[in-house]
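> Each chain, letter by letter, is given below.
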Amino acid sequence: MSIPNFLYKKNRILLKELTKTDFKLRYQGSVLGYLWALLRPLMMFAILYFVFSVMLGFGGKPGDDGYIPYYPVYLLTGITLWSFFTECTNQGIQAIVQRGDLLRKISFPKYIVVVSSTLTAVINLLINLVVVVVFALISGVTPNLGWLMIIPLVLELYCLALGISFLFGSINVKYRDIASIWDVLIQALFYAVPIIYPITMVANSSLLAARILLLNPIAQVIQDVRFFLITNETMTTWGYWTNPVIRFLPVLIVIIVLILGSIYFRRKSKFFAEEV
Amino acid sequence: MAKRKIGVRREVITDSDVAISVKNLHKSFRLPTEKSFGLKQTIFNLIRGVKGYKDYKVLKGLDFEIKKGEFVGVVGRNGSGKSTLLKILAGVYYPEKGEVTINGNLIPFIELGVGFNMDLTGRENVYLNGALLGFSNEEMDKMYDDIWKFAELEQFQDQKLKNYSSGMQVRLAFSIAIRARGDILLLDEVLAVGDAAFQQKCNDYFASLHGNQTVILVTHSMDNVKRFCDRAILIDDGKIKIAGEPEKVAEAYGKLWE
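Quick mapping for you: the protein sequence lines, in order, are chains A and B.
Note that my numbering numbers the first sequence so that position 192 is 192, with each residue one more than the last.
Note that my numbering numbers the second sequence so that position 64 is 64, with each residue one more than the last.
Hints in this document: simulated from the structure, not taken from any laboratory.
Cβ atoms here follow ideal geometry from the backbone N, Cα and C, with glycine treated the same way.
Check the hints yourself; a few may be wrong.
Calculated cross-link-like contacts (lysine-lysine; reagent style DSBU-like; alpha-carbon spacing at most 30 Å) [what the hints assert, rightly or not]:
| hint | chain 1 | residue 1 | chain 2 | residue 2 |
| --- | --- | --- | --- | --- |
| 1 | B | LYS97 | B | LYS51 |
| 2 | A | LYS9 | A | LYS20 |
| 3 | A | LYS10 | A | LYS174 |
| 4 | A | LYS16 | B | LYS149 |
| 5 | B | LYS97 | A | LYS10 |
| 6 | A | LYS9 | B | LYS51 |
| 7 | A | LYS24 | B | LYS160 |
Chain B residues, not near chain A, derived (Cβ > 10 Å throughout) [to be verified]:
| hint | residue |
| --- | --- |
| 8 | LYS23 |
| 9 | VAL92 |
| 10 | ASP141 |
| 11 | GLU152 |
| 12 | ASP223 |
| 13 | ALA243 |
| 14 | GLU245 |
Could you put the whole structure together from the sequences, leaning on the hints where they help?
Encoded structure:
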């Protein structure tokens, strides 16, 4: 049995070609093409900004109680990371089923299909992060070395998305209900993560609720990125918890999900060709 | 759910003159007995104590060896297990029981043009298909011009595949296939493509493989078996009925319906 290995040249080439194909096909036949990778989150941002900042007054004014400096960048950062996570998991969970025709005819390590489909989301994220940084600079945030922390944080979020894709993707081969369940789950998750609302708003009514929300790795990553990129007034998991074990709980969750997902995927992948 | 047994499939590279060795190969599939797709039905089945599937035996103990440089035809009626055997050799399916050893670099053509995408250009499809067959970009660069020349489609390289006629698509796929150099070629019913002139080119190509390349060809054409193969294997109901001289096997194949 061949052991799936990134260093194996054949697999790397296949991964590259499949990713290239996915990315090319994504915007096939649209006039603006790749620009949509940029435009979509920007438009999403414009809508949310209008509704929550302009109409509902989230983010507040200087001097207010719940005031968040650079609220537009703050919001854009959250949306960017969130759309990355949803795109990654949606594509990853569907990957095996969508590429069923390949699996039935050619033998190759199956994880390549999942990784290649999530890499399109990674490319989109990188493009969008450039926009976020430009926005931050325009808004007057001063660049600093702390920005480098974004790299491990994004990596953490990617690992979580990959772990979920492996786990639910394998189940989805047989029980296609998973994709629909995930659709609903992710809608619910959106409101459980402080993307549009500031976490301080939750903390004001229930500190415990805010603390629990921040144990979610997605919330932890988003708050941490905001902390390092925009303002260290952002409340993070570290800010709300002092217990050293609990501080690392979100990272631990990510590691467990990734390991469990990989093991399960590896075991199930032998029969994907027959079941898909 | 009961854990499924798995046999052995090995890929090695040795000096031995055996290219493929198959020992006591078994394979069965789980066929759903009723609508057992989806979560709801599975839960019902669990409650009622129904398995929800039936084991269907396809291969019931195959034993054979193929020497390096041999051109072997595999024949049998529909549903006899030929394609399942090919897919196990290719590593797509896992053997359920038994041992499969592949000695050398194997290139499978279960179907022509795997991964072909209508929205990509001919050029992009060639590289994608090549990567799926396990070739690097440099190797593809070397084969590239020959592929188009053999397909006689040079002027359409940068057209999207959806603008090709189906005959043109098959020709392109076939041209990639025959450029592929590996130690062992697996071919499933891919001979009958293109018009008479292209067919002639393909036949010449197959004749040229004879003696230089290990080939396993699954086919229904006894003419091709007699023309190209050194040896043939007739599979019936998941077992080898007869193996040996192509003429004898072709004769036995004809008698299957008597």
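> Please go over all the hints and tell whether each is borne out by the structure.
The hints, checked one at a time:
Between LYS97 of chain B and LYS51 of chain B, the direct Cα distance comes to roughly 22 Å. Compliance with the 30 Å bound is thereby established for this hinted pair. Pair hint LYS9 of chain A plus LYS20 of chain A holds up; C-alpha atoms about 17 Å apart against a cutoff of 30 Å. The suggested pairing of LYS10 of chain A with LYS174 of chain A holds, with an alpha-carbon distance near 29 Å, which does not exceed 30 Å. Taking the CA atoms of LYS16 of chain A and LYS149 of chain B, the gap is near 27 Å; set against the 30 Å cutoff, the hint holds.
Annotation: proposed proximity of LYS97 of chain B to LYS10 of chain A holds, straight-line Cα distance about 28 Å (limit 30 Å). Between LYS9 of chain A and LYS51 of chain B, the direct Cα distance comes to roughly 42 Å. Violation of the 30 Å bound is thereby established for this hinted pair. Between LYS24 of chain A and LYS160 of chain B, the direct Cα distance comes to roughly 13 Å. Compliance with the 30 Å bound is thereby established for this hinted pair. With a least CB separation of 17 Å from chain A, LYS23 of chain B remains clear of the 10 Å interface cut-off, as annotated.
A cut-off of 10 Å between C-beta atoms contradicts the statement that VAL92 of chain B is not in contact with chain A; the least separation is 5 Å. Distance to chain A confirms ASP141 of chain B as a non-interface residue, since its nearest Cβ pair spans about 12 Å, more than 10 Å. Every C-beta of chain A lies more than 10 Å from that of GLU152 of chain B, the closest at about 25 Å, which supports listing it as non-interface. The beta carbon of ASP223 of chain B is kept farther than 10 Å from every beta carbon of chain A, the shortest such distance being approximately 26 Å.
Look at ALA243 of chain B: its CB is around 25 Å from the nearest CB on chain A, clear of 10 Å, so calling it non-interface holds up. Listed as outside the interface, GLU245 of chain B is consistent with that label: its C-beta sits roughly 31 Å from the nearest C-beta of chain A, beyond the 10 Å cut-off.
The earlier numbered hints that this structure contradicts are 6 and 9.
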